[in-house]
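First to last, the sequence lines map onto chains A, B, C and D.
Under this note's numbering, the residue at position 114 of the first sequence is numbered 114, and the numbers go up by one with no gaps.
Just add 133 to wherever you are in the second sequence, counting from 1, and you've got this note's numbering.
Just add 266 to wherever you are in the third sequence, counting from 1, and you've got this note's numbering.
Just add 399 to wherever you are in the fourth sequence, counting from 1, and you've got this note's numbering.
Have a look at the derived ranges for each label pair, beta carbon to beta carbon:
| # | chain 1 | residue 1 | chain 2 | residue 2 | range |
| --- | --- | --- | --- | --- | --- |
| 1 | D | W444 | A | S43 | 44 to 54 Å |
| 2 | B | G220 | D | E511 | 50 to 60 Å |
| 3 | B | G220 | D | Q402 | 51 to 61 Å |
| 4 | B | R219 | C | E301 | 51 to 61 Å |
By construction, these hints were calculated from the structure, which means they are not laboratory data.
Backbone N, C-alpha and C fix where the C-beta goes; we use that ideal spot for every residue, glycine too.
Take a look at the letters that make up each chain.
There are 4 protein chains.
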Amino acid sequence: MNQPDLLESPYHRFLGLQLVRYEEGLVEIDMPFREEFLRDDDSDWLHGGVLGALIDIAGDYAVYSKTGGDVPTVDLRIDYLRPAKRGCLRAIARTVKVGRRVCVADVEVKDERGQVVAIGRGVYATPAEQKLE
Amino acid sequence: MNQPDLLESPYHRFLGLQLVRYEEGLVEIDMPFREEFLRDDDSDWLHGGVLGALIDIAGDYAVYSKTGGDVPTVDLRIDYLRPAKRGCLRAIARTVKVGRRVCVADVEVKDERGQVVAIGRGVYATPAEQKLE
Amino acid sequence: MNQPDLLESPYHRFLGLQLVRYEEGLVEIDMPFREEFLRDDDSDWLHGGVLGALIDIAGDYAVYSKTGGDVPTVDLRIDYLRPAKRGCLRAIARTVKVGRRVCVADVEVKDERGQVVAIGRGVYATPAEQKLE
Amino acid sequence: MNQPDLLESPYHRFLGLQLVRYEEGLVEIDMPFREEFLRDDDSDWLHGGVLGALIDIAGDYAVYSKTGGDVPTVDLRIDYLRPAKRGCLRAIARTVKVGRRVCVADVEVKDERGQVVAIGRGVYATPAEQKLE
Numbered sequence: 001m002n003q004p005d006l007l008e009s010p011y012h013r014f015l016g017l018q019l020v021r022y023e024e025g026l027v028e029i030d031m032p033f034r035e036e037f038l039r040d041d042d043s044d045w046l047h048g049g050v051l052g053a054l055i056d057i058a059g060d061y062a063v064y065s066k067t068g069g070d071v072p073t074v075d076l077r078i079d080y081l082r083p084a085k086r087g088c089l090r091a092i093a094r095t096v097k098v099g100r101r102v103c104v105a106d107v108e109v110k111d112e113r114g115q116v117v118a119i120g121r122g123v124y125a126t127p128a129e130q131k132l133e
Numbered sequence: 134m135n136q137p138d139l140l141e142s143p144y145h146r147f148l149g150l151q152l153v154r155y156e157e158g159l160v161e162i163d164m165p166f167r168e169e170f171l172r173d174d175d176s177d178w179l180h181g182g183v184l185g186a187l188i189d190i191a192g193d194y195a196v197y198s199k200t201g202g203d204v205p206t207v208d209l210r211i212d213y214l215r216p217a218k219r220g221c222l223r224a225i226a227r228t229v230k231v232g233r234r235v236c237v238a239d240v241e242v243k244d245e246r247g248q249v250v251a252i253g254r255g256v257y258a259t260p261a262e263q264k265l266e
Numbered sequence: 267m268n269q270p271d272l273l274e275s276p277y278h279r280f281l282g283l284q285l286v287r288y289e290e291g292l293v294e295i296d297m298p299f300r301e302e303f304l305r306d307d308d309s310d311w312l313h314g315g316v317l318g319a320l321i322d323i324a325g326d327y328a329v330y331s332k333t334g335g336d337v338p339t340v341d342l343r344i345d346y347l348r349p350a351k352r353g354c355l356r357a358i359a360r361t362v363k364v365g366r367r368v369c370v371a372d373v374e375v376k377d378e379r380g381q382v383v384a385i386g387r388g389v390y391a392t393p394a395e396q397k398l399e
Numbered sequence: 400m401n402q403p404d405l406l407e408s409p410y411h412r413f414l415g416l417q418l419v420r421y422e423e424g425l426v427e428i429d430m431p432f433r434e435e436f437l438r439d440d441d442s443d444w445l446h447g448g449v450l451g452a453l454i455d456i457a458g459d460y461a462v463y464s465k466t467g468g469d470v471p472t473v474d475l476r477i478d479y480l481r482p483a484k485r486g487c488l489r490a491i492a493r494t495v496k497v498g499r500r501v502c503v504a505d506v507e508v509k510d511e512r513g514q515v516v517a518i519g520r521g522v523y524a525t526p527a528e529q530k531l532e
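In isolation and in its complexed conformation, chain A is listed as follows (with noise of 0.2 Å):
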């Protein structure tokens, strides 16, 4: 499959974002450490609007292998199970469901332990042409 370029988008390039897997239906992204991402000046911890972020794009690119086009999300939800410390954290995102009206990914996202330190659930909406499901 072709790979889409990430680095389209401003928001994307500050986050840093690398696709480091790209099938049908499963993408991982990593986003490599910056201070910006810090939650206080004295803190180790990654602040969690970086981790929702990084979890609603992973889902996305996953719903896209799916079904190429634009695929706005609809609603995400996002558990936080522990702290992020400053290192490079890893989506791993995979689909659940391609419909035809919309489409929903699960995303985990691990430390460099591999611990998972958040989960999220999107809802997609599925590009007008597809007609799956």
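With chain A held as given, fit chains B, C and D onto it using these hints.
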């Protein structure tokens, strides 16, 4: 009430957040536009991940206005209602519940025309010293 | 507007639902108490699963009041704010968005004293014939 | 482990729940078909509210298998993936996190053909005596 300093957080500084209202259980935060917030190079739409972060943060400060202490997000739901275009966004956050263990906050994000572009609902861990509910 | 008949559904009949308000985008449904709704034999608390169903249904009718047609639930979030004791519950549901593909509804459930015991937010599939938004 | 008695709850008795697997952090519950579960008189589809309750309950017992004590649901997300037709449903629930304050469980509901018809994710309050995480 003493207003918290949003800019002690590197990520809040990147987002350029401005606290415009801070009452007990009701907080409003402005997020002026930056080019880095865009979804695509050739688009005027803001990236959803930026809105999600704004929602998380606004809900967090609404809870903080009631409890003080550190209030990590347990989970968060975001519903994207319509595209947000380049321009300042304002998040309005209210506490729905302040419990012994967890708090709940509701957040609306409006664009410069006053349209609601996204809504969110988050659960936050109540600081240990709290004995409310 | 023609009010829908809630009792065409066997499950709604079990729940004993009563439509008490039906306006465009605003619906209220009462659910009088039944012993089968209890969480435990030696408890006065209602089972959360009953409240969740009431929320889902009320949101569904709020959307139906705007769109007509069949509006299957895509996803639903429920936040349980405090225990609901034996007694009639009332769900108040409002549409937040009526889109081409999906609709969003917000629901509150109040007990007989008017306290909000649970809140919910659901996404529903817009009937195919709708050309709104 | 001592298996809990699901039938101490009037609502569980209405649902006819059967515990078919009970391990630490992994629980399976069957819900045989009843006519009262139907969405409409002239339909073979189960009502979503019944599936939501099954998800809530299965997640609750998965957490209980790890913590003991009473584990009230804090919040719950349900995604309906495809219609469930008349027939027995099975919920498979796993704990994702067992924390000091809250626990997280993931649940799948399968129909008799093994198809996943709905998924859920819930946050439950950890019993006060727990000192995990």
